[in-house]
Each structure stands twice: as structure tokens, then as C-alpha cells.
Amino acid sequence: MKYYLIRLLRSVLTLLIVVTVVFLLMRMMPVEGYFGTNYDKLDELQKQAKLENLGLLDPWYIQLKDFYVSLLHGDLGQSITYRPKVAISTIIGSKFLVSLRFGLASLSLSLVLGLSMGILMARSKGKIWDKLGTGYVVGANAVPAVIYYLLIQVFVTKWLDLPLLYEKVNMLSWILPVICLSLVSTAYYAMWIRRYMVDELNKDYIRLARAKGLRNKTIMIKHVMRNAFVPMAQYLPASILYTISGSIYVESLFSIPGTGGLLVTAIQRQDNTLVQALVLVYSSIGIIGLLLGDILMATFDPRIKLHNEGGSR
Amino acid sequence: MSTKTINKIADNIDPSLFEFAEYDESKAELTGYSNYSFWRSTIQVFLKNKVAVVLLLIVGLVVLFTLVQPYLPNQKLPNKIYLDPATGLQLRNQSPNAEYWFGTNSIGQDLWARIWSGTRTSLFIGFAVGLFEALVGITIGALWGYVRKLDAVITEIYNVWDNIPTTVVLIILTYIMKPSIPTIIFAMCMTGWLGMARFVRNLIIIIRDREYNLASRCLGTPTSRIITKNLLPYLVSVIMLRMALAIPLAIGNEVFLSYIGMGLPLDIPSLGNLINEGRILMMSPALRYQLLFPAAVISIVTVSFYVIGNVFADSADPRNHV
Amino acid sequence: MKHKATEEILNGEIVLSVDEIVIKFNLRGKELTAIRGASLDLHKGESLAIVGESGSGKSVFTKSFMGLLDSNGRIESGTIMYKGDNLAKFKTEDDWIKIRGKEIAMVFQDPMTSLNPLKTIGKQVQESIELHQNLKGEEAKKLAIDILSDVGISDSEKRFKQYPHEFSGGMRQRVVIAIAVACNPNILICDEPTTALDVTIQAQILQLLKNLQKKYDLTIIYITHDLGVVANVADRIAVMYAGDIIELGTADEVFFDPKHPYTWALLSSLPQLGIKGEPLYSIKGTPPNLFKEIVGDAFAPRNPKALKIDFVKRPPYFEVTPTHKARTWLLDPRSPKIEPPAMILKMREMDEKWGVSNE
Chain A
1 MKYYLIRLLR SVLTLLIVVT VVFLLMRMMP VEGYFGTNYD KLDELQKQAK LENLGLLDPW
61 YIQLKDFYVS LLHGDLGQSI TYRPKVAIST IIGSKFLVSL RFGLASLSLS LVLGLSMGIL
121 MARSKGKIWD KLGTGYVVGA NAVPAVIYYL LIQVFVTKWL DLPLLYEKVN MLSWILPVIC
181 LSLVSTAYYA MWIRRYMVDE LNKDYIRLAR AKGLRNKTIM IKHVMRNAFV PMAQYLPASI
241 LYTISGSIYV ESLFSIPGTG GLLVTAIQRQ DNTLVQALVL VYSSIGIIGL LLGDILMATF
301 DPRIKLHNEG GSR
Chain B
1 MSTKTINKIA DNIDPSLFEF AEYDESKAEL TGYSNYSFWR STIQVFLKNK VAVVLLLIVG
61 LVVLFTLVQP YLPNQKLPNK IYLDPATGLQ LRNQSPNAEY WFGTNSIGQD LWARIWSGTR
121 TSLFIGFAVG LFEALVGITI GALWGYVRKL DAVITEIYNV WDNIPTTVVL IILTYIMKPS
181 IPTIIFAMCM TGWLGMARFV RNLIIIIRDR EYNLASRCLG TPTSRIITKN LLPYLVSVIM
241 LRMALAIPLA IGNEVFLSYI GMGLPLDIPS LGNLINEGRI LMMSPALRYQ LLFPAAVISI
301 VTVSFYVIGN VFADSADPRN HV
Chain C
1 MKHKATEEIL NGEIVLSVDE IVIKFNLRGK ELTAIRGASL DLHKGESLAI VGESGSGKSV
61 FTKSFMGLLD SNGRIESGTI MYKGDNLAKF KTEDDWIKIR GKEIAMVFQD PMTSLNPLKT
121 IGKQVQESIE LHQNLKGEEA KKLAIDILSD VGISDSEKRF KQYPHEFSGG MRQRVVIAIA
181 VACNPNILIC DEPTTALDVT IQAQILQLLK NLQKKYDLTI IYITHDLGVV ANVADRIAVM
241 YAGDIIELGT ADEVFFDPKH PYTWALLSSL PQLGIKGEPL YSIKGTPPNL FKEIVGDAFA
301 PRNPKALKID FVKRPPYFEV TPTHKARTWL LDPRSPKIEP PAMILKMREM DEKWGVSNE
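Chains as they are written, first to last, in my numbering: chain A, 1 to 313; chain B, 1 to 322; chain C, 1 to 359.
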């Protein structure tokens with residue numbers, strides 16, 4: 001219990017630091033980002049009035065306090081250029097559902113594919129399946145994802161006669177984005193489960209399990225896979241949360257109206273408050289993911305609570 | 001075994017053989033396994049992996065070529081806009097031909113020159129990031145490991161920092177600073193040093209506490225020798241691995257930043273903005289070469305460095321040595 | 001002699017018979033001969049110790065009885081006869097499942113890593129019972145708790161539910177032994193069972209194994225490089241060098257009347273036999289490279305008094321007594337007579353004074 005509490009406190013602390021730092025960094029931004037397209041048309045006085053109005057001329061600690069107060073009310077501020085004067089929580093809320101649906105679809109696909117691929121690779125270590133799988137993992141990890149997303153968009157759409165962009169009513173237009181979203185995470189899951197299984201297979205207790213007459217199949221299921229899953233459990237929630245919060249590349253490439261594509265648009269339109277809000281949302285997701293991962297792992301592995309009581313991760 | 005069979009084996013032996021042989025102590029030592037050398041074994045194991053060797057050759061050639069390319073004869077300039085001599089207009093979107101080997105882009109710049117210039121930029125960013133990461137990581141890691149008072153503080157900072165998604169740090173730093181090569185290198189180093197620092201810290205704690213090092217010290221081995229023989233091979237191999245992996249990662253991040261509009265300006269060609277330029281034109285089949293050429297170069301470079309780094313790390317692991 | 005039971009055992013039935021076994025490994029394109037034609041008979045109810053330095057092939061030799069060689073290793077020739085089956089010919093998992101645990105069980109060196117860290121120790125013992133004793137659920141659990149008490153774990157009902165990390169090294173080794181015993185095997189192979197433990201715990205574990213041997217009617221093979229362990233528990237001793245058993249005899253014979261120069265050298269380097277003020281004897285050189293073919297007596301290059309023939313021809317086994325044999329040309333009648341080193345003679349004295357050997 002103490003372990004969970006300390007871990008939770010650390011996450012809250014991290015989140016506070018990140019929120020504060022991001023907020024302060026954003027104050028260093030050129031102020032154009034708060035005006036939208038009419039910046040050049042305004043005279044100095046109007047600009048000052050607007051900044052005053054936004055509270056940007058107050059000392060930083062007042063601004064920070066105001067920011068936290070509105071955060072506590074669930075208010076992330078208003079969009080400036082993207083959809084002027086619309087509450088950001090509304091914008092993100094509507095986009096999030098779309099990302100969630102794509103995320104869940106690709107998550108199920110990549111978990112099934114990745115885990116079975118990794119297990120197959122671990123069991124045929126050094127043989128042809130392992131080599132093919134490793135080739136895939138290397139490719140997916142090394143080459144920037146956008147390259148093969150673009151190639152898929154250019155070539156696969158034509159070969160399979162699938163829609164190039166997302167259309168809300170056309171289920172066929174879901175296929176390629178979901179596959180693209182799954183490509184990288186499949187490689188990750190496969191790589192992790194293979195590595196951890198191979199690690200476990202080399203451990204002494206597997207030797208003892210064999211010596212006491214367990215069949216390889218039983219050892220694989222009852223000992224190796226279970227134990228290999230534990231270190232994976234640490235990364236799983238983070239990776240799940242990232243998937244459902246949308247991929248920046250895939251959503252903008254396929255014009256999916258999700259949160260991932262939103263970040264690109266916000267940056268390109270220099271919408272300061274929107275960028276700030278999205279960065280906060282993404283950091284929170286990352287921090288919560290790691291927190292859940294540690295909690296999940298601690299529930300599976302009885303040793304962790306003991307060793308890490310108050311120690312480092 | 002019965003006495004009979006023994007006699008059979010023992011028969012027909014020259015009785016003179018039942019004399020003492022000369023004993024040579026140095027020969028006794030010769031019977032064992034050959035002298036072990038960390039680097040020789042590492043190189044041997046690495047060379048056994050044919051794929052990695054081929055990729056190493058390719059990478060060597062690519063790096064060499066990016067360096068000498070501007071000085072070769074008949075090379076175009078990456079930023080010069082070439083005009084059609086007949087019409088005086090920009091030589092736009094020329095398909096690859098004898099003059100423009102990889103064709104020209106939408107404003108008449110030579111793609112061949114831009115790709116090599118871009119590869120140079122991206123590799124430079126990669127190397128710089130790898131180097132700074134190593135420097136910062138080793139410094140902080142050493143403090144972290146050696147100075148016991150700092151341990152708790154740095155551990156907490158590490159835990160907080162490590163919790164923030166890398167992409168977020170990249171985006172926010174480049175959003176705030178002006179897009180330029182130093183900005184990109186700085187943003188990437190801000191997240192990259194973490195792994196290195198933790199590694200160095202663990203290494204120092206190992207040096208401090210592992211039995212074989214304790215044994216070395218008890219035998220009176222000077223610290224300098226412990227560092228060069230026990231620590232350095234470890235450290236050098238890890239730095240090399242991280243440098244090798246920093247390059248594909250840096251290229252990937254640079255591509256990402258260009259994609260979201262935070263990349264380098266177009267007059268500094270990089271693999272990221274070349275991809276981005278190619279992407280805009282990719283839907284017309286005739287112009288696809290502007291995407292495919294940089295994509296091919298990126299794939300070759302990133303995969304090569306990634307594989308070389310990993311194979312090298314495996315080779316440097318003494319468990320894989322004969 | 002002191003071992004009254006030894007004779008009885010040697011007249012008893014042979015449970016396992018290894019003949020001229022050759023084991024090879026492929027290591028990164030090169031071939032290594034780990035075991036070079038070793039032979040051994042194991043008698044029911046005895047404690048046999050296999051001694052030798054690291055890399056002499058002790059572990060590989062015994063692992064081959066259970067089909068536990070690493071995947072790059074194979075039995076090249078020779079036979080391992082057990083209950084009418086030639087284990088050397090076993091290939092499939094289905095063959096080995098009949099042997100592993102059920103007939104031959106094994107205790108490994110490092111108790112810290114031999115247990116699955118994520119399963120309670122009770123479940124791990126219960127797993128053996130359910131596998132080999134036709135018991136399920138509650139009954140298996142009850143027996144598991146009994147066996148845990150048998151190996152000296154007090155309050156075993158409560159500790160059944162605990163995880164390995166809640167146990168000390170010595171306690172974990174007791175659990176590992178419980179897992180092996182729970183298989184109800186004929187033969188128990190203990191691979192360096194006490195090497196990783198504190199000296200005080202070592203004695204407890206050895207005593208435990210002795211008690212279990214009586215209670216469960218076990219035949220035990222100890223693999224060790226620690227002659228102290230050997231003196232404590234072994235009825236018979238097999239000395240291994242470079243993948244071959246070079247001397248085999250009862251504990252008394254090997255300790256007090258050794259014949260092979262390697263056995264001499266090994267015993268002479270015992271710290272207990274050191275003479276005050278003189279440097280302790282140590283064997284010069286290193287064991288041979290098993291990637292190369294070994295000609296003659298493998299120990300010859302390190303033996304200051306080697307014969308010429310030792311470099312030419314491999315010695316056969318010479319029988320000293322019906323229970324004692326050694327592979328050395330020194331036992332050939334044509335060889336010059338060599339007295340064993342002074343240390344060995346001293347050993348006999350010490351035995352009379354303090355009783356180095358059994359009991």
C-alpha cells in the first residue's frame with residue numbers, strides 16, 4: 001500500500017511540475033499566438049488591451065494561480081485561431097471520441113498480432129520466423145513511421161482500391177488508418193514479448209521446471225509467458241493510452257478529426273492556448289500511463305513492493 | 001573393464017615410452033584456451049554477422065559520399081534554382097535525367113544535390129545529438145553515481161523528467177525556440193541524456209560494488225587500470241551503441257518536426273523537409289520520385305545504423321564471446 | 001574401514017549404467033568434445049560424488065542422464081542404461097518426460113535463481129506432486145506441506161503461501177530440494193548443492209540430504225569441486241578431468257590411496273593439508289582446450305612426472321581393487337615406481353588423528 005501511495009504522489013508531483021513548466025514556457029512565446037490573423041491590423045493600444053484582457057500582463061505567479069484555478073474547474077481556456085472563442089475542452093472532447101474508436105480498433109489488432117508474433121518468434125528463436133519477425137521489428141523501429149505511412153497511402157490505396165482519406169460513413173476508409181496505427185505497436189509488442197520470453201527461458205528456474213518433468217508446452221504457458229508478461233505490463237498502459245489518444249501522423253495523413261491531427265493544426269495555426277492545452281493533455285496521458293504500468297506490474301510481481309519501497313523506479 | 005582388454009590395449013607398446021618425459025612448465029600453460037581480448041572477440045563476433053557487415057560498408061560509403069560529394073565534378077548546388085536555358089523559366093519538376101540525376105523539385109532545385117546535402121545535415125544532427133547525449137549523460141551519470149549526497153535528488157529529477165513524453169518535450173521546445181539546427185539538436189538532447197545518465201550511474205555503482213572490482217582493488221590494481229580495463233570497454237561499447245541508435249532516432253524526430261511544421265527552413269535541406277516536400281506532390285504519379293528518393297535514402301541510413309548498433313551491442317557482450 | 005554400508009551397496013543392484021559416453025557441443029561453428037568416453041555404474045542407495053575443477057564436464061555428464069543438454073549439445077556415442085532403456089538414444093520430449101522428475105530429479109547450484117519468483121513456493125512444490133504422484137488439489141497441497149516440513153521449513157502451512165524472495169538462500173535451497181523430492185525420484189542429482197551457501201548452512205543442507213536419502217530411499221549423485229563436501233557425504237568418488245572419469249573408488253580408496261597423478265595434485269592442493277610456512281601446493285597450467293583433440297593422458301602436460309607414453313597413448317582403466325580403478329599408465333607394470341606425494345601420506349596421518357573422512 002505504501003508503495004502505491006508513494007508512486008501516486010510522485011505522479012501528482014510530476015504532473016504539477018510539468019503543468020507549471022509548460023505554462024511558464026508558454027509565457028515566453030511571441031504574443032502573436034494570442035491574436036490570430038488580425039495581429040497586423042491592430043495598433044499598439046489595442047494589442048495591450050487584448051493582452052490585458054487575457055490576463056497576460058499580470059505577474060507570472062498571478063497568471064499561474066489563475067490558470068490552476070480554471071484548471072480545477074475543468075477549464076482549459078479558449079481557442080484563439082483554430083475555432084476562435086470556443087472552449088478547448090469542448091474541442092478536445094468532440095475529437096477524443098474519434099481517436100478513441102480508432103485507438104481501440106488498432107489496439108486490439110496490434111495486441112493480437114504483436115503478442116502472437118512475439119511468442120512465435122521466441123519459440124522459434126534463430127529460425128526463419130524469428131528472422132522474418134526481427135526484420136519487421138527493425139524496419140518498424142528504425143525507419144520513421146511517416147515514410148511507410150506515406151508509401152501505404154500512395155500504393156496500397158490503389159492496389160486494394162481503398163479510400164485515401166477518412167470518411168465518416170464509409171467503413172472501408174477505416175481499414176488503412178487502423179493498419180497504419182497498428183504497424184508500430186505490433187512491432188513493439190512483438191519485440192517486448194520476444195525479448196522477455198527469451199530472457200525468462202534462459203533463467204535457472206526454467207531449468208528446474210524442465211528437470212522436474214514439466215513439458216515444454218506447460219513451461220511456456222505456466223511459467224515463461226506469465227513471467228514475460230510482467231515486465232511488459234509496465235509499458236502496456238502507456239502504450240494503450242497513446243494509441244487511443246491518437247497518432248499525430250496517421251490522423252493528419254488520413255484527415256481523421258481526432259486529437260492527434262488537432263495538435264498539428266494547432267501548431268501550424270499558432271494557437272497558443274490550444275497547443276498548451278494539448279501538451280498538457282498528452283503529458284497527463286503519459287504520466288498516468290506510466291503510473292498505471294507501475295501499479296499493474298506491482299500487482300503481478302510480489303517483489304517490487306519490497307525492493308522499491310520508496311526507491312527509484 | 002577386464003584385465004584381458006587392458007592387456008590388449010597395453011600390448012605392443014615400446015617399453016622405452018615408460019620413461020619420464022621432460023616437464024616444461026610453460027607447456028602446461030599452453031594447453032588452455034587462447035588469450036582473451038575483449039576488442040578482438042567483439043570484432044570477431046561482429047564480423048560473423050554478414051548482414052551487419054554489409055550494412056556497415058553501406059553506411060561507411062554513404063557517410064564518405066556525403067562528405068566528398070560537393071567536391072566531385074559536375075555537382076549542382078543544393079539551393080540554386082536552375083533555369084531552363086531555352087525559356088529562362090524555372091526548371092520545375094524535371095524527371096530524373098542525365099543532367100539532373102534525381103530530377104528537380106517544384107522550384108527547379110537539383111534533388112540529387114539536395115538529398116546529399118540533406119543527408120549531411122541529418123547525419124550531422126544525429127552525430128551531434130549522440131555526442132552531446134554522451135557528454136551530458138556521462139557527466140550527470142558520474143555525479144549521480146559518485147556523489148552519494150546527490151543520489152536522491154537526481155533520482156527524483158530523473159523520475160519526473162522520465163515521466164514526460166519525449167514528443168511533448170520536442171514539440172514544446174521547438175515551438176518556443178526558432179526552428180534551426182541548434183534548436184533541434186538542443187531539443188533532442190534534452191530528452192536523450194536520460195538513458196545515458198542512468199546507464200553511467202549504474203555502471204559506477206557496479207564499479208563500486210561488484211566483486212570482481214573489489215577483488216581487483218584488493219590485489220592492488222590502481223584505479224586507472226580498473227577504469228581502463230574493467231570500465232572503459234563497457235563504456236565505449238555503450239557509447240557506440242547509443243551513438244548508432246541516436247542517428248535513426250534523430251532522423252525520425254527531425255522528420256516528425258518537419259512534418260508538424262516545426263522543422264528546418266527549406267534553404268537548409270534535410271531529410272525531414274525533403275520528405276515533407278515530396279509528400280505534397282506524392283499524389284501525382286509522375287512526381288512521386290521526389291518522395292521515393294529521400295524515402296529510400298532515409299530507410300537505408302536508419303536501418304543500417306539501427307542494425308549496426310544492435311549487432312555491435314550484442315558483439316560487445318562477453319556472453320557472446322567464445 | 002569405516003564405511004560398513006559401502007560394501008553392502010556395491011553388492012546391490014546397479015540402477016544406472018553409463019558406458020563410454022561421448023558428448024559434443026557445437027559452439028559458433030566449432031566442435032567441442034565435453035565428455036570423452038566416460039563410464040560409470042551407479043548402485044542403488046549409494047551416494048556417489050563426482051569431483052573435478054570447473055569445466056571438467058561434471059554437470060554436462062549428469063545432465064545427459066535427463067536430456068537436459070543445451071540444444072547445441074548431443075550424445076555422439078555410448079550408452080546410458082536405466083531400467084532397460086538406453087537413455088542415450090532418447091530424442092523426443094515424450095521419452096524424457098518418463099525420466100525427468102519421475103525417475104531422476106535434480107537440485108541445482110544457485111537457490112537464488114532456481115525458483116520461479118512469481119509463484120508461491122507451495123505451488124511450485126505442489127506442481128511436482130501433481131505431476132508425479134497422481135494427487136490433485138487439496139491432497140497434493142497437504143503432501144506439499146508435509147514435504148516442506150520434511151526439508152526443515154517450520155510453520156510450513158503458512159510459508160506455503162509465500163514467495164521465494166521472502167526466503168533466505170539456505171531456505172530456498174531447502175525448497176528446491178523439496179521440489180526434487182516431491183517428484184518421488186529414484187535418483188537425485190545434486191549439482192553443487194551447497195556452493196552458493198554459507199558454510200554453516202552448507203553442513204545443514206548436507207545433513208538434510210543424508211536424512212532424506214534414508215527416508216525416501218534415494219540414490220544420490222553429488223557434483224562438486226569441494227572435497228570437504230565429498231568427505232562429508234560420499235560413499236564413492238569419481239574424479240573427472242577434461243571430460244573423463246580418471247579415477248573411481250570408495251571414498252577411503254580415493255582419499256587415502258589415490259593412484260592418478262591428477263588426484264594426487266587435487267588432494268595436495270587442499271588447504272587443510274598445507275604445511276605451515278610453505279606455500280600451498282597448486283596445480284600449474286590450465287585444463288586442456290576441449291576444442292582440440294586430446295592425445296594421450298589429458299593431464300600429462302601439467303604433470304611434472306609424466307611419462308613419455310602419456311603424450312602418445314590414452315591410458316586404459318587399471319583395476320586396483322574390485323572397487324577402485326584409475327586411468328593412468330603409472331599402474332602399468334612396466335612403469336617406474338613413483339611414490340605419491342608426501343601430502344597424501346600426511347592425509348592418512350591426519351585421518352587417524354582427527355578423522356577427516358566420514359562420520
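Among the hints, a few may not be true.
With a straight-line Cα cutoff of 25 Å, these simulated BS3-like cross-link-like pairs (lysine-lysine) come out [as the list claims (entries may be wrong)]: (1) C:K63 / A:K222; (2) A:K203 / C:K83; (3) C:K346 / C:K292; (4) C:K91 / A:K203.
Under 7 Å between C-beta atoms, here's a sample of chain C residues computed to sit facing chain A [claimed, not checked]: (5) Q133; (6) L135; (7) G152.
Calculated directly from the structure, the hints in this document are not laboratory data.
Ideal placement from N, C-alpha and C gives every residue a C-beta, glycine not left out.
Original post:
If you check each hint against the structure, which ones fail?
Top reply: 2, 3, 5, 6, 7
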